[in-house]
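*Asks:* Given the sequences, and given the hints that come with them, work out the whole structure.
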Amino acid sequence: MSKSQAPKQKLVVVGNGMAGCRAVQEVLKRDPDRYEITIFGAEPRVNYDRIMLSPVLAGEKSFADIVINDEAWYRDNAITLHAGSAVEAIDRTAKVVRAAGGIEVGYDRLILATGSDPIRLPLPGADLAGVVTFRDLDDVEAMIAAAAPGAKAVVIGGGLLGIEAAYGLSRRGMSATVIHLLDVLMERQLDSSAGFLLTEALAAKGVATELEAQSEEIVGKDGRVAGLRLKDGRTLPCDLLVMAVGIRPATGLAKACGLAVNRGVLVDDTLRTSDPAVYAIGECVEHRGQCYGLVAPIWEMCRTLGEALTDGAGTYEGSSLSTRLKVSGVDVFSAGKHLGGAGCEDIVFRDAGRGVYKRIVLEDGKVAGAVLFGDAADGAWYFDLMRSGQDVAAIRETLVFGQAATEGLRGLDPSAAVAAMSDTAEVCGCNGVCKGEITAAISGQGLTTLEGVRAVTKASASCGTCAPLVEKLLKLSLGDAFQVQTGPKPVCGCTHRGHDEVRRRIVAEGLKSAPAAMQALEWTTPDGCQSCRPALNYYLVCAWPGEYRDDKQSRFINERVHANIQKDGTYSVVPRMWGGVTTPAELRAIADVADKFAIPTVKVTGGQRIDLLGVKKDDLPAVWADLNAAGMVSGHAYGKSLRTVKTCVGTDWCRFGTQDSTGLGVRLEKFMWGSWSPAKVKLGVSGCPRNCAEATCKDIGVICVDSGFEIHIGGAAGLEVRKTEILTKVASEDEAVWAICAIMQLYREKGWYLERIWKWMERVGLEPIRSEIEDPERRRALYDRFAYSQRFYRIDPWAERVAGRDAHEFNPLSRRMEFEVA
Amino acid sequence: MNALVTDPISWTDVGAVTDVPLRGARRVPTADGDIAIFRTGDGRVFALRDRCPHKGGPLSQGIVHGHAVTCPLHNWSFELATGEALGADRGKGCAPVAPLEVRDGRLFLGRV
Numbered sequence: 001m002s003k004s005q006a007p008k009q010k011l012v013v014v015g016n017g018m019a020g021c022r023a024v025q026e027v028l029k030r031d032p033d034r035y036e037i038t039i040f041g042a043e044p045r046v047n048y049d050r051i052m053l054s055p056v057l058a059g060e061k062s063f064a065d066i067v068i069n070d071e072a073w074y075r076d077n078a079i080t081l082h083a084g085s086a087v088e089a090i091d092r093t094a095k096v097v098r099a100a101g102g103i104e105v106g107y108d109r110l111i112l113a114t115g116s117d118p119i120r121l122p123l124p125g126a127d128l129a130g131v132v133t134f135r136d137l138d139d140v141e142a143m144i145a146a147a148a149p150g151a152k153a154v155v156i157g158g159g160l161l162g163i164e165a166a167y168g169l170s171r172r173g174m175s176a177t178v179i180h181l182l183d184v185l186m187e188r189q190l191d192s193s194a195g196f197l198l199t200e201a202l203a204a205k206g207v208a209t210e211l212e213a214q215s216e217e218i219v220g221k222d223g224r225v226a227g228l229r230l231k232d233g234r235t236l237p238c239d240l241l242v243m244a245v246g247i248r249p250a251t252g253l254a255k256a257c258g259l260a261v262n263r264g265v266l267v268d269d270t271l272r273t274s275d276p277a278v279y280a281i282g283e284c285v286e287h288r289g290q291c292y293g294l295v296a297p298i299w300e301m302c303r304t305l306g307e308a309l310t311d312g313a314g315t316y317e318g319s320s321l322s323t324r325l326k327v328s329g330v331d332v333f334s335a336g337k338h339l340g341g342a343g344c345e346d347i348v349f350r351d352a353g354r355g356v357y358k359r360i361v362l363e364d365g366k367v368a369g370a371v372l373f374g375d376a377a378d379g380a381w382y383f384d385l386m387r388s389g390q391d392v393a394a395i396r397e398t399l400v401f402g403q404a405a406t407e408g409l410r411g412l413d414p415s416a417a418v419a420a421m422s423d424t425a426e427v428c429g430c431n432g433v434c435k436g437e438i439t440a441a442i443s444g445q446g447l448t449t450l451e452g453v454r455a456v457t458k459a460s461a462s463c464g465t466c467a468p469l470v471e472k473l474l475k476l477s478l479g480d481a482f483q484v485q486t487g488p489k490p491v492c493g494c495t496h497r498g499h500d501e502v503r504r505r506i507v508a509e510g511l512k513s514a515p516a517a518m519q520a521l522e523w524t525t526p527d528g529c530q531s532c533r534p535a536l537n538y539y540l541v542c543a544w545p546g547e548y549r550d551d552k553q554s555r556f557i558n559e560r561v562h563a564n565i566q567k568d569g570t571y572s573v574v575p576r577m578w579g580g581v582t583t584p585a586e587l588r589a590i591a592d593v594a595d596k597f598a599i600p601t602v603k604v605t606g607g608q609r610i611d612l613l614g615v616k617k618d619d620l621p622a623v624w625a626d627l628n629a630a631g632m633v634s635g636h637a638y639g640k641s642l643r644t645v646k647t648c649v650g651t652d653w654c655r656f657g658t659q660d661s662t663g664l665g666v667r668l669e670k671f672m673w674g675s676w677s678p679a680k681v682k683l684g685v686s687g688c689p690r691n692c693a694e695a696t697c698k699d700i701g702v703i704c705v706d707s708g709f710e711i712h713i714g715g716a717a718g719l720e721v722r723k724t725e726i727l728t729k730v731a732s733e734d735e736a737v738w739a740i741c742a743i744m745q746l747y748r749e750k751g752w753y754l755e756r757i758w759k760w761m762e763r764v765g766l767e768p769i770r771s772e773i774e775d776p777e778r779r780r781a782l783y784d785r786f787a788y789s790q791r792f793y794r795i796d797p798w799a800e801r802v803a804g805r806d807a808h809e810f811n812p813l814s815r816r817m818e819f820e821v822a
Numbered sequence: 001m002n003a004l005v006t007d008p009i010s011w012t013d014v015g016a017v018t019d020v021p022l023r024g025a026r027r028v029p030t031a032d033g034d035i036a037i038f039r040t041g042d043g044r045v046f047a048l049r050d051r052c053p054h055k056g057g058p059l060s061q062g063i064v065h066g067h068a069v070t071c072p073l074h075n076w077s078f079e080l081a082t083g084e085a086l087g088a089d090r091g092k093g094c095a096p097v098a099p100l101e102v103r104d105g106r107l108f109l110g111r112v
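From first to last, the protein sequence lines stand for chains A and B.
Numbering-wise, the first sequence is residues 1 to 822 according to our numbering.
Numbering-wise, the second sequence is residues 1 to 112 according to our numbering.
Treat the hints with caution; some may be incorrect.
Facing chain A, from chain B, some residues (calculated, C-beta under 7 angstroms) [unchecked claim]: (1) 16; (2) 81; (3) 110.
Straight-line distance between alpha carbons at most 27 angstroms, and here's what the computed DSSO-like set of lysine-lysine pairs gives [said to hold, decoys possible]: (4) 55/B x 603/A; (5) 55/B x 255/A; (6) 55/B x 152/A.
So these bits of chain A aren't anywhere near chain B, every CB distance computed over 10 angstroms [to be verified]: (7) 349; (8) 569; (9) 667.
I should point out that these hints are in silico values taken from the structure, not numbers from a laboratory.
The beta-carbon is built from N, C-alpha and C at its ideal position, and this holds for glycine as well.
*Replies:* See below:
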């Protein structure tokens with residue numbers, strides 16, 4: 001690189017921020033004597049680290065801590081700084097920059113580093129005092145001034161900056177709430193699992209979050225902000241309102257002097273604008289269609305610009321992005337294709353004990369992205385792997401455990417790697433168990449199974465991700481004597497945990513949402529699969545009646561639209577007929593509905609109901625409205641729930657009837673309808689042992705006899721045909737109802753999802769069920785829990801849909817393309 | 001990729017991204033049959049012909065998990081980005097991908 005000769009060329013930089021100063025440093029590094037340098041800055045201060053404003057707001061750093069270039073730097077490098085002088089115009093013909101106060105400086109080369117402006121939402125009231133953005137030190141000072149302890153702050157925008165602002169304000173003693181339009185915080189960096197954890201972590205730090213909340217108006221009092229009104233009608237009172245909804249490249253100057261500008265100032269791969277004497281860098285530029293709002297791309301641009309201005313060769317080809325949240329104690333990192341996509345696979349690791357979630361996205365055997373929550377120490381390593389594009393197939397097994405675990409084992413085949421591990425190497429991170437402890441336990445106590453090692457050492461007893469490693473140690477110690485054991489059948493491929501453990505821990509640990517359960521139970525996928533999602537949803541419905549918010553998207557279509565999908569995509573509708581009893585008025589209403597909606601098939605079912613088959617999905621709410629009007633409700637013929645109670649006519653009509661079997665059936669159905677269960681539940685009540693209601697092949701059956709009621713369970717008449725077992729006998733109808741509800745509740749609490757009662761009974765045995773039901777106290781407690789749950793679930797879902805709930809389920813998104821001819 | 005078309009000539013605004021429930025789907029009837037628009041848990045959107053290649057089941061009615069959907073009729077699962085069948089049914093069929101773009105929070109469905 002040749003040192004230039006005098007006279008020096010004039011280099012003028014518009015923007016005294018991180019980009020402008022860094023570009024100057026890059027030039028000085030390469031050729032300190034080539035240019036006479038002038039920098040204009042709109043802010044009246046030296047260059048500081050803007051990304052550290054959040055810690056300044058939080059009171060964790062002072063302004064002095066974040067100064068990058070102090071006055072001495074400008075002086076030592078003979079740079080003329082015009083701080084506080086905004087450039088007003090650029091005359092490209094005369095090559096002169098004009099700034100406030102009549103300053104004029106000529107240039108040979110000009111760098112635009114004007115950065116970006118925060119977006120101000122055009123809400124009514126946006127001009128009230130106390131409404132600020134979060135961009136520079138002035139904003140931070142305004143916020144700190146307003147941050148009286150106990151005062152309330154609302155931050156619009158749940159992105160990186162908004163969260164950091166809210167956290168900082170809460171550290172200053174304010175009660176802060178983040179309002180976010182979408183349902184996941186930082187959705188541009190996080191997936192829904194990490195977003196959920198972030199919401200929880202912020203709550204623990206005193207920052208509240210309102211998701212899916214749309215701002216409507218800023219409410220003022222005496223010219224000052226007093227609250228934020230949302231679209232849903234609520235008003236959140238506040239003394240300070242921060243808008244952190246994004247940034248827009250500051251292109252005003254560039255536009256005014258006629259440079260090519262799109263979203264940002266357009267630059268080529270050498271950062272040159274449409275004028276060869278003018279360059280642009282940082283947040284004000286648009287390069288290959290991309291605008292950047294993070295610091296790493298700026299550093300990369302500045303390196304290229306340093307080359308370009310000193311006759312070097314480098315080009316800028318765009319940047320990969322990584323993000324880190326600067327909230328103390330909340331470790332969040334995101335890079336690349338953090339959401340995956342076509343052809344990508346995920347490796348997910350969760351450690352509930354440490355609150356860790358990691359998702360590594362692989363594409364073609366390479367790291368394509370990563371989301372780390374709770375432990376982001378390896379963020380830089382994943383980012384390096386991603387940018388270098390190196391094949392990670394060989395380290396795939398240990399990749400998710402991070403650099404230390406991976407590099408410790410690199411180049412070794414799995415069994416050799418295990419053999420080579422030192423005795424003090426940690427195998428189970430959750431329980432802190434080393435290799436030596438495990439091998440000693442295997443040889444010392446004659447252990448031969450994974451379960452045995454788990455019981456003795458606790459290795460693999462928590463998250464289970466080290467189970468394969470423990471098995472390798474067993475194999476290494478025992479050779480061929482070791483056979484891989486299978487534990488309880490996992491719920492699905494997303495977890496190694498069985499249904500019993502999942503159910504137990506949902507209750508024991510107070511897990512009240514699917515994301516909470518998936519995190520605590522260390523699910524290995526971001527949001528489960530078609531098998532575990534309905535199962536978890538049911539377990540939560542059962543465990544937390546009245547508290548858990550049912551997740552429709554985790555229900556099978558039939559339960560989502562309260563009808564049974566048929567082979568052609570139409571639905572069948574079955575109104576409830578209590579105990580199989582109907583009336584002429586109901587039959588007329590059914591006939592009218594069938595006519596009105598041209599329902600092709602009307603059929604009597606095995607459960608004593610009438611089935612309307614072939615109803616179009618869009619017609620469902622109207623069909624239900626008509627059936628509701630005639631007094632009929634959903635028959636739940638579609639649900640993992642109480643289906644039908646089939647009865648005979650009992651003492652009402654039958655000459656052999658011993659009890660009022662119809663009355664009991666109707667009473668049971670009226671009390672039990674709407675209850676969700678692991679699988680469908682069908683009841684039968686027969687008035688005498690001739691059993692005309694076929695009660696002995698039902699899930700729960702009642703055979704009435706002269707002396708009372710025999711209660712049977714565990715029948716089946718489907719793929720399996722199975723006669724019930726007699727569980728107990730009671731003397732009165734009341735006792736029969738109590739016992740049956742108690743059985744139902746026990747099954748609801750203990751059954752595995754999709755496991756019918758007969759299977760549950762075969763799995764756990766008849767005796768344990770009988771002892772629960774025959775113990776008056778336990779039966780009573782079960783009955784009470786069932787009755788409590790029914791307070792929330794004994795509702796007609798049809799009536800709710802007719803009233804408009806979930807209307808989107810039944811209407812097409814748009815009809816605009818329906819009749820367009822291609 | 002198995003896009004229905006590679007070069008759509010017209011785009012139609014069919015609604016807002018947020019009209020499609022997270023981990024859910026909506027359908028858009030078109031003159032050539034229904035298109036299913038899916039929105040995954042992480043907020044991405046995809047569009048496929050609303051017809052399972054197995055027995056014609058409406059994929060828009062299936063459970064959306066990860067970046068996949070499971071047909072409500074016989075539990076075939078499909079990758080939303082490519083429409084390819086997954087798991088045991090891999091290679092047995094494909095639900096064609098429909099051209100979909102998001103602009104300013106609106107969904108645009110393409111048509112040749």
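*Asks:* Hint by hint, where does the structure go against what was stated? Just the numbers, ascending.
*Replies:* Per hint list: 1, 3, 5, 6, 8 violated.
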